[in-house]
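Construct the entire structure; sequences and hints are all you get.
Residue numbers (my numbering), protein chains in the order written: chain E, 2 to 594; chain H, 1121 to 1288.
Keep in mind that the hints were calculated from the coordinates and are not lab data. Possibly wrong hints are sitting among the right ones.
As the list claims (entries may be wrong) - Heads up, simulated DSS-like pairs for lysine-lysine below, C-alpha to C-alpha not over 25 Å straight-line: (1) E/K389 to E/K450; (2) E/K102 to H/K1269; (3) H/K1288 to E/K536; (4) E/K575 to H/K1274; (5) E/K261 to H/K1145; (6) H/K1145 to E/K24; (7) E/K24 to E/K144; (8) E/K100 to H/K1274; (9) E/K104 to H/K1269.
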Amino acid sequence: MSDNAGIKILICQGTGGISAGAKQVEAEFTRLIAEKGIVAQVGKRCDVVKTGCRGLCANDVLVDVITPELGRVTYDFVVPEDVAAILDQHIVNNEVIEKKKAKAYYNTFVDQQMRVVMTGCGQIDPERLDAFLEEDGFKAIEKCVKEMKPSEVIDEVKKSGLRGRGGGGFPTGMKWSFCAASPGNHKYLICNADEGDPGAFMDRSILEGDPYCVIEGMMIAAYAIGCDAGYVYVRAEYPLAIDRLQKALDTCYEKGYLGKNIQGWGFDFDMRIKKGAGAFVCGEETALMASIEGERGMPRPRPPFPAVKGLWGFPTNINNVETFANVRHIINKGSDWYSSLGTDTTKGTKIFAVTGKVKHTGLVEVPAGMSVRDVIYQVCGGIANNRKFKAVQAGGPSGGCIPAEVLDTPVDYDSLIKAGAMMGSGGLVVMDETTCMVDVARFFLSFTKMESCGKCVPCRIGLKAMLDILERITEGRGEMEDIDTLLEMGATIKKASLCGLGQTAPNPILSTVKYFRHEYEAHILEKRCPSNSCKELLLWQVVPEKCVKCGACLRACPSNAIKWEKGEVAFLVKENCTKCKSCYDACRFMAIE
Amino acid sequence: MSNAPAEEIPAEEIDLTEANEVIDKYLTLPGNLMPVLQGIQEAYGYVPKPTIDLVAERLNVYPSQIYGVLTFYAQFHLKPRGRFIIRVCVGTACHVQGAERITETFFGRLGIGHAETTADLRYTFEKVACLGACGMAPLAMVNDDTFGKMTVQKVDEIIETYNARPMK
Ligand SMILES: Cc1cc2nc3c(=O)[nH]c(=O)nc-3n(C[C@H](O)[C@H](O)[C@H](O)COP(=O)(O)O)c2cc1C
Ligand code: SF4
Ligand code: SF4
Ligand code: SF4
Ligand code: FES
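Laid out in structure tokens, this is it:
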């Protein structure tokens, strides 16, 4: 931390913050600080710092005020109109504005986490190199270059136990050693920032909030492997991440942290950004390389492995954003420290993107091995709207659903796989009793079918056939044999597909059949969707006994299909209803079904 | 999404200056086909047919290879697009929070479906997979403006707002 005597106002400006109006809030602070002569009034520096995402985007705009007198205080849902009061009351008069202060759960949310990778996110200005340097930025690469042989760097990473955060969990140090062992002076390093998994956004937040830590991680890897050129492949849907990273790269070149003979250390490294163009399969490493080469992003058979023959035929090493972001901490604090965090097989911390029907959606970083239950209930406050937990989907389109019975599964690579899901990139989508598991399986399959590159038959044709069956079931036209057919086809597609997309696409079906077979059966045998989700099977009416006459449904209905008077039970007019389910979601008493 | 429906390609006259500038910029860069096409799309809002012929000639690649790339990636467009691009996220987090009724309401109100443009060129509608702000699901975007925690009512508010905006 830098100058402690001054006042700092941290304004969260990740994508979440900006869409909630953080830029306007920042402008108002800057304007009023000058206009009111705040610095002269309090006799201290007063810096407005634009930071990346702090994780609890649902409460944006988040503003932290740090003063010597009151320490750090967080305000949430800040709008420009609040700014004058914060300046007058908090900063000039040293009084916390209790009404605006983030509620107790905010501290719970923050305190239950353990931030290693995301220490800089939400703390430092991602567009200022100095801010990174003050946090020991580039100290780790300096230490590597000056004090360690490349093989020692690799050993240190091996000893730390770091495994790739991009999904597969391959040991990072080992991966580096393969590429280091390949002959040749020209090698490539690629940072995979495609983040195609819907529901995960940690890579984006790291790039937006602390881009230099990824650059440093890549420099360390480059030094260890002996490679001189790198790409960051970022998905095009992330314009802010691309913008911040590009600024960071430009500054690094300007200040001699990239290019030839970096800082006079006798070490060269060049890197540039490659923008994706919207294809999920490009996250797969061989497809990603084809895409950088300017072709259709189709996976290639392996071997040859990228470590031997990768980008343009040169040895290439690919890691995920979060993987690279871990590296500087391992070098700075040592592999012993790092491997003391986490479980036997999964070291360090893991960032999860917790979304869906949970009270506090957001990004959380916890030591590997915390139970799924604790992530959802302790850190994220449990299920929203008094509803019942049903399942959590982990690992995205390659993963599976974890039901209540196995909520105590620790979040590490191996335990999650045992539970029928997987870590994937760390998306946790929480589902309650209103989510239909057959529909969730159908959703993932329509995603993977759409994103299949079409190169191999089992994936191209098989996924389509499975999707057809699932659609039939959700429309009430399924038959009992369908379930077995799905299981058989799933097993074949997993075995016969060329790349990870096809090899894992059936997982959401397999895990939902395993844990929620009764829901499939209800759709098939009773033509009923137990979660009131599948449109074709909805009867749709208000259950008078459950209705508490609150009128929330009336306000939610866009189609004039609800009749309600104060003190009366609501009534649903079927002719007007489009089955949009807005009323169902608005009703906190499950009175519509 | 990758499997956009096959689109008709309108014949047209077009000023190629900007396309030439984009090509100049990336001419010597290895793997330049995608950045060139991305640059052209940024300049014209889509990839017009005459620019494809130009790229083929100047980068010395077959037009078929260019079409291969253009049709593989979701973000290339072969037809002019609307003044306002409405994107609704249909990623997992948004799906469980009811993205489908948001898309359907847009379809109903605008009279167009996925990857279509209104006849007056005011709106193009697209379903997209994950915009990376899943904490605020369901999510919609109009050009660069983000709308979190979408509801069916907000659809009408959005359309009203952008109906009132000038076309240029
Ligand atoms: C269909 C498919 C999509 C993938 N998408 C991503 C992605 O978006 N980001 C990522 O880091 N890895 C993704 N992966 C995994 C990568 O291929 C690769 O294993 C990973 O980037 C290696 O980095 P790590 O060792 O640091 O985990 C994907 C794999 C498959 C099969
Ligand atoms: S498994 Fe699917 S995505 Fe992968 S190469 Fe085959 S067709 Fe393409
Ligand atoms: S929201 Fe539910 S409880 Fe309230 S009036 Fe409507 S049906 Fe009844
Ligand atoms: S489903 Fe939609 S249209 Fe039908 S009553 Fe509920 S809110 Fe109204
Ligand atoms: S799933 Fe909709 S923004 Fe991520």
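Do the hints match the structure? See the list:
Proposed proximity of E/K389 and E/K450 is contradicted: the alpha carbons are some 31 Å apart, above 25 Å. Between E/K102 and H/K1269, the direct Cα distance comes to roughly 22 Å. Compliance with the 25 Å bound is thereby established for this hinted pair. As the CA atoms of H/K1288 and E/K536 are separated by approximately 40 Å, the hinted pair breaks the 25 Å bound. Proposed proximity of E/K575 and H/K1274 is supported: the alpha carbons are some 23 Å apart, at most 25 Å.
Of the pairs offered as hints, the one joining E/K261 and H/K1145 holds, with about 23 Å between alpha carbons and a cut-off of 25 Å not exceeded. Straight-line distance between C-alpha atoms of H/K1145 and E/K24 comes to about 33 Å, which puts the hinted pair past the 25 Å bound. Restraint check for E/K24 and E/K144: not satisfied, since their Cα atoms lie roughly 38 Å apart, outside the 25 Å limit. In summary, the hint linking E/K100 to H/K1274 is not supported, as the alpha carbons are separated by about 28 Å, beyond the 25 Å threshold.
Restraint check for E/K104 and H/K1269: the C-alpha separation of about 21 Å stays at or below 25 Å, so the hint holds.
Checked against the numbered hints given earlier, the structure breaks hints 1, 3, 6, 7 and 8 and satisfies all the rest.
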